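Visitor: One line per chain: the protein sequences are X, V, A, L and D, in this order. The first sequence begins at 535 in my numbering and counts up by one. The second sequence begins at 6 in my numbering and counts up by one. The third sequence begins at 39 in my numbering and counts up by one. The fourth sequence begins at 88 in my numbering and counts up by one. The fifth sequence begins at 1416 in my numbering and counts up by one.
Simulated from the structure, these hints should not be mistaken for lab results. One or more hints might be untrue.
Unchecked claim - In silico BS3-like cross-links for lysine-lysine, where the CA-CA straight-line distance does not exceed 27 Å: (1) L:K327 - L:K183; (2) A:K195 - D:K1557; (3) D:K1557 - A:K200; (4) D:K1438 - L:K382; (5) L:K365 - D:K1424; (6) D:K1795 - D:K1580; (7) D:K1580 - L:K266; (8) L:K393 - X:K594; (9) D:K1594 - D:K1613; (10) D:K1943 - D:K1918; (11) D:K1578 - A:K171; (12) L:K438 - L:K125; (13) L:K293 - V:K290; (14) D:K1613 - L:K393; (15) A:K171 - X:K670; (16) X:K670 - L:K418; (17) D:K1850 - L:K293; (18) D:K1850 - D:K1606; (19) X:K670 - D:K1993; (20) D:K1583 - L:K188; (21) D:K1772 - D:K1795.
Please read these numbers as outputs of a predicted model, since none were measured by experiment.
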Amino acid sequence: MADILDEIRAMDLKASWLNDWEFEVIVPKERIGSVLDYLKSRTFKGFMGLSCVDWIDEGKFELVYILQSYDLSLEAIVKTKIPRHRPVIESMNAIWKLCEVYEREMHEFFGIEFVGNPNLRPFFLENWLDTPPLRKDFDTLAFSEELFEFKEDETHGINPPERIE
Amino acid sequence: MVIVEFLIKLSQGFGIGALALATGLLFGGIARKIMARIQRRYGPPFTQNFMDLFKLLSKGSVSHGWAFDLGLVAGFVPMLAALMFLPIGPFTLFPSDSSLIMIVYLMMMAYLGMAMGVLASGNPNSAIGMSRALMLMAGYEVPFAAVIFSIYFFSKTGYLTQIVAMQSGGFMNWNIVKMPLGFLAVEIVLQGMLGEKPFDQAIAPAEIASGPMVELGGKYLGFGMIQHSVALFLETGIIVDLFLGGAPNFWIFIAKQFVLYFVVVLVDAILPRLRVHEATSFFWKLPLFLGILQAVIVIIQGGVLNV
Amino acid sequence: MSEWTEIVDYFRGRSMWMLHYCTGCGAIELPPTMTSRWDMERFGITPMATPRQADILLITGYLAIKTLKRVIYTYEQMQPPKWVLGFGSCTINGGIYWDSYNVIERLDKYIPVDIYIAGCMPRPEAILDSFVKLKEMVQNGEAKGYEKYVKNYEWYKANQDKVLKRTKPVLERIEKVTKIG
Amino acid sequence: MELTPLNESNDDYRYYELFIGPNHPGIEGNFSYILKMKGHTVAEATPDPGLLHRGFEKLMERRLWTQNLALIPRICVPEPDVNEVAYCMGIEHMAKIEVPKRAQYIRVIVLELARIASFLFGVSGLGGTTGHYTSAQWLIGDRDYILDLFEWLTGGRVYHIYQYPGGVKNDLPEGWLDKLSDFLDYMGKRLPEYDKFIFKNPIIQKRTVGLGYISADEAIENGLTGPNLRASGVIYDIRKAQPYLVYDELDFEIPKTGDGDAFSRILQRRLELGESIKILRQCIKQIPQGPYRTKVPNPFQFRVPKGSYYSKVESSRGEFGYYMVSDGDVKPYRVYVRGPSYSIGLYYATKALVGMRIEDVPVWIHTTDMCPPDFDR
Amino acid sequence: MSSQDIEKKNGFAPIVGLKYLFKKPHTVRYPKEDLEVFPISGNSPNYRGFHTNDLEKCIGCGNCARVCPTDAVTMVETTDLKPANKFAKTVRPVFDYGRCCFCAQCVDVCPTGSLQMSRDYIHTFHPSVSISVEEEPEIVSKDFIWRADSTHVGNPGYVRNEKNKFDKVINFERTAPKKTDPAKRKISFSKYVQIYSKEEAEKEASRCLGCGACVEACPNELHIPEYISAISKGDPEESLTWIYKRNPLPLICGEVCTHQCEEACVVGIQGEPLAIRWLKAFSASNVDDYLKISNFLPKSNGKKLAAIGGGPASLSFGYYARLLGYDVTIYEAEEKLGGAMMWGIPIYRLPKDEMMKDINAILSTRIEVKLNTKVGRDVKFEDLMRSYDAVFIGVGNSKPMTLRIKGEDLENVVQGLTFMHMVNDGTLKDLNGKKIVVVGGGNVAMDVARSSVRLGADVTIVYRRRIKDMPADPEEIEDASQEGVKIVEMGVPIEIYGEKHAKEFEYAVASLVPDPSGGRPRPVVDDKSPHVKISADYVVAAIGQTPSIDFIPVDIQQKIGFDGKSIPVDEYGRTKVKGLFCGGDASNARQDIISAIGSGMRAAKGVEVYLAKEEGNV
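Isolated chain X, as found in the complex (with noise of 0.2 Å):
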């Protein structure tokens, strides 16, 4: 089982186990279609998730691919940064036909262009036209309270003692 990290090693790529049936790998951008093919040509055929954490302090977007291996009961967590300002990414629906809709959800969450996918209409929301709302930058309790028309008291009543300071 062990030996799967030293091929990914060999390739080039960090990868490290997070428990015994978890590791991640940490992909350049430019490589991920290749690494994502190899590997479900290893087993990894099932594919769990598409996930995209917005480092907003790096500038960076992290898309996260969670991969299935039935057979060595293991899990491949694959890491890519995209840089923020211009998330483009090649689609992965050559790989895996099913990551159509995950990138369109990730398109509508974050704003992230993938390439090569047919299909990133609006998906969740409708007549969205703010920012991706699962950017950090944006600001759902504001949002909130501007649509919904409805004002938070942030002291929740308490009055800070007033002190000198």
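We have chain X; now place chains V, A, L and D onto it with these hints.
Guide: Chains V, A, L and D alone, transformed into the frame defined by chain X:
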């Protein structure tokens, strides 16, 4: 005198209508109670259907055009008309005109009228539902026709009053004893006619959101409900007349109807719904087989053996 | 005439058909309420498949913006008299999703609500209790939300449009979303 | 709605659109498929999710790690406990918290009870769609007994909010295990009745056998998990393959059906229900005494060390996963929820529904036991 | 049943369902019937329904409001209750059931156990037809907001009371710092309490709920939640930044503060309070360069200030005045800075190098110090008043109170502070085998007793009331008795016998009479009280002291209204004389270091206010 007679007939007609409606609603209510028991609960009061109907009639309603309204009337009136020719116990409004063919024809008219109405609503669900209802009708009318044929052949008459009269004189004279297979086929057909499971494809709430009824609301649904209740009374009544020897008085008539309906309800409670083509092909298999077998037996009995 | 109204109201209260529409997570307590353990059919309340036939609309919890649109359609399709029940915290003041970008805060800004039930989510007992209350209200002629809707249609419509027909971003954009092509 | 022919000149059929959901008794929850119909047959299915979208992933970033425990059960309403357990297990892994044995047993009990409840709920949905209302009434009625158990244990019927990083919130109440054992006896009596009433029912079989067949390879390719995958013949269960909690100490099997059709999907669930009862009986026998929670810092000071982890639990619908990222603060940096119904409901359905007759659509939906809130989030 | 068995089709199998036609339904006919499955009828015994709150027990800490994931809890000012204790706030939680998700996290985090949940859960509201649509949302949401009180208390549900308080998410057990064994520590003056290790500190800090009840209890209102939170985060530097905002002597306070905050700590209501003091010591001892993290920027505005006395008040005054840009000169009569901290506190509690770390940090802000310069003797007070823009008096209390009994003027009958001075400056080196009687129950008494133990003496403390009434820290008392100090309760000194030296000490065992005015019970000696004599080589009276401001001319003394016990000042430390400020024990109600620091800081602010006003006048 003619006028007086006409008025009497008219009021009697109204009486029959009201009676059929009340009985149908009551049956519906009791059926809900029975269903509830099988489902391990108490269920609504048995007068619930009356309250539902009253409420529906008092509710606002939306029409979908003249065809919609007309269709509903066309669905409702033939059903009432058919009722007028049904021998209810000893009583028949038009004793000389209780032709079975006419009643069945009027009933079909009612369904077609209904079809016209709901199709006018333009909702695809009701279109699907109606096409299903008609397909189902094509299913059960065939075995029903076979059984009616047997009865015609057996009784040598098409008038319900005469068929009832022929069965007088005790249980052994009832057609159910003489034509048990036919009765079985008709009981299955009744399940389909009443649209009870496994033959409720036409309404199928989870598939097509109650089918034809999808656009019916308020008073329209109320009329639908009246129609259904009258149909319930009419259809069970026909079978009572055909197979259970009619009845010496009204109460026994209702009791017999209820026994028939009770079986329908029990089956309804334990079976799910078939696909529509499965249902139709089912009617063309078992009930039709039974019906034809019955016809053959009758023919052999009457024609060949000449019993 | 008033006797007649009373009679009508009496039967309306005894026969309330609810729309079978699970708008939110409170709907999970509806199956138990509908079925054998609690059996709401005892009160003459049955689920109905289409809004045309329904008398009561249950807003079972939060409404996403997308659902709000459907709910308004549904509500407008229902025939008067019709009543709306607001289930749980979410319909009253936003509930646990008070800060969510996709969930409305107060239901009665968009459609009139006749009765609110506390709880997250309300237990079957609470639901039954509210049905009994609603029945009494209907029979006393107190539940007139649908008339309110007609009377104040402009106000409701304005509120609905504010949420549903947005034409420009709600918040000032901090960063421009990059789009290609 | 009008019966408008769509402009497809090369086709003689009249296409029309039909909405299955959101306001439709045939759909699970508040979700919608827009079907393009050709007669009674589906020509194209488009899922229309988002009707339950609440932005959980955003809201979680705004709340403390433990505050989220009140939020996450709502991601999958019929089976909320898997969320809590998966989330807590993820936190425990990242913060390296040991969970006492007793707590792990209690978690297994809760998970398996939830699995039974979810089965009853799911199959009752099938009863509802096929018009087999009696079975729906029975199953939901019996599910209520499980909710009673939960209510006694946790104080809430549906949302238990019972798990906590490090264990469970409180110990089993006195007499609870006896009550559980009584319930299992009751289920033992009821199961043969279900079998006769539902599974042996010729019409149920007629409606489901052969419907929506999917092969093992296809199932993997389309991201199916859990009973849906196993029903296609891939015997993979996280409880066995990557045992978490104390599943490796318990003796149970993964039943094999493997026909890949709708009937084998519900049958798979039914057989797993038997295994769940077996597991529960073992738990009652084996549960050790002792502490039930490792004390962790209080909510305001509870910081999870920097890192990320994908924690997963075998729910009754499949693999429920939480991908969590922490930047070492009191609030999660990012939580991504992988709902088990996502791939089947939003992707595979668009393939599977095509060519299906309208009456089979709700049946198919209910045999896959999809749960819209878990992909709408 | 195997899978093949189940799979077998059977057309008659469903008939099994019909048997329920004749069985009793299992419906619960609510509202006629109730559930009967739990030990009690109705919903479960620990149901999470509406909240109840014991308003008298609640202290208004607001933890419920902060932990609420739905923001449903608001703390609202109330006027109709009397507070549970002196630290209790008057705010009480109000719940918005248009928000609440009944998760019970508020109950789990309630430190007093006053907040609980009931089994009641039904509340419906229907807006009346007459309400206008614009008002309706407000009216509806208001109807679901109410203060949790005892309305539902008769029907308890999800309860976290004394019995199952450990199910709460609060950690009630303190991580005690490592202490040297009593047998070992009683022979040495080296420090016996270890400062927390990083792990211990983080563990202890992680118990903090962050409610800030301690802030109001602290005489100087330090940013306690913030700095504890920073420790819990593993960042002692950030922690010290917070501390330094209001306390320039963190390590000293970390070691010897009277920690009022810990008395107020809400965790202490049902468990052990946080060791706030030790945590402060942890962050101070883990940072080397204070000034770097305190963001001190040397600047000067050309104004000059003088501070009389080298104790904590003056040091604090000096630091904050420097922060504002003033040039400060400290006049200290002794040879070392520190005042009471230097001479009054034994080194096993406060090693001198730790103390100097704090003091040197302050001095490195370029404060001028004039040691061995006693105002009144070496410099004239009037000169100071003339040559400086403002003068701060931080002389502390140096005039001891007397026992007022016979034999007090004997040799070897000394005052507590004098005794400690002798210990600290090394004049008293050995008390081996000597018997020492300490009169008093304060921290000074403890210091005297325990220092004497370390010098080899056999010590008895005689106190007028019970041990639990002693003003000294409970921890100190416990440590003292561990070290073998005998404590006599309710001993009222009667007489000291001896010719030249004290030989015997007599006290009477009093009985306690409740104080009618509500204070602590008073010891009363009557004829029946037994009298006890014990032999004593030293009698130390540690019963308090008063300020001595003889260096101030009498007319000014009168002007500022000195009554022999304290100097009256306003909140900015201003006396009634223009340009004269006062702080520390001389003017404070509480006589401890942190109050002194606070008064020094306020006086620095007061100087700013005063001088700004002066300039405005010009």
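Visitor: Determine for every hint whether it applies to the structure shown.
Guide: To see whether the hints hold, each was checked on the structure:
{"no.": "1", "hint": "L:K327 - L:K183", "in the structure": "holds, 23 Å"}
{"no.": "2", "hint": "A:K195 - D:K1557", "in the structure": "holds, 24 Å"}
{"no.": "3", "hint": "D:K1557 - A:K200", "in the structure": "holds, 24 Å"}
{"no.": "4", "hint": "D:K1438 - L:K382", "in the structure": "violated, 50 Å"}
{"no.": "5", "hint": "L:K365 - D:K1424", "in the structure": "holds, 26 Å"}
{"no.": "6", "hint": "D:K1795 - D:K1580", "in the structure": "violated, 62 Å"}
{"no.": "7", "hint": "D:K1580 - L:K266", "in the structure": "holds, 25 Å"}
{"no.": "8", "hint": "L:K393 - X:K594", "in the structure": "holds, 17 Å"}
{"no.": "9", "hint": "D:K1594 - D:K1613", "in the structure": "holds, 16 Å"}
{"no.": "10", "hint": "D:K1943 - D:K1918", "in the structure": "holds, 25 Å"}
{"no.": "11", "hint": "D:K1578 - A:K171", "in the structure": "violated, 39 Å"}
{"no.": "12", "hint": "L:K438 - L:K125", "in the structure": "holds, 16 Å"}
{"no.": "13", "hint": "L:K293 - V:K290", "in the structure": "holds, 16 Å"}
{"no.": "14", "hint": "D:K1613 - L:K393", "in the structure": "holds, 18 Å"}
{"no.": "15", "hint": "A:K171 - X:K670", "in the structure": "violated, 45 Å"}
{"no.": "16", "hint": "X:K670 - L:K418", "in the structure": "holds, 13 Å"}
{"no.": "17", "hint": "D:K1850 - L:K293", "in the structure": "violated, 102 Å"}
{"no.": "18", "hint": "D:K1850 - D:K1606", "in the structure": "holds, 24 Å"}
{"no.": "19", "hint": "X:K670 - D:K1993", "in the structure": "violated, 55 Å"}
{"no.": "20", "hint": "D:K1583 - L:K188", "in the structure": "holds, 20 Å"}
{"no.": "21", "hint": "D:K1772 - D:K1795", "in the structure": "violated, 31 Å"}
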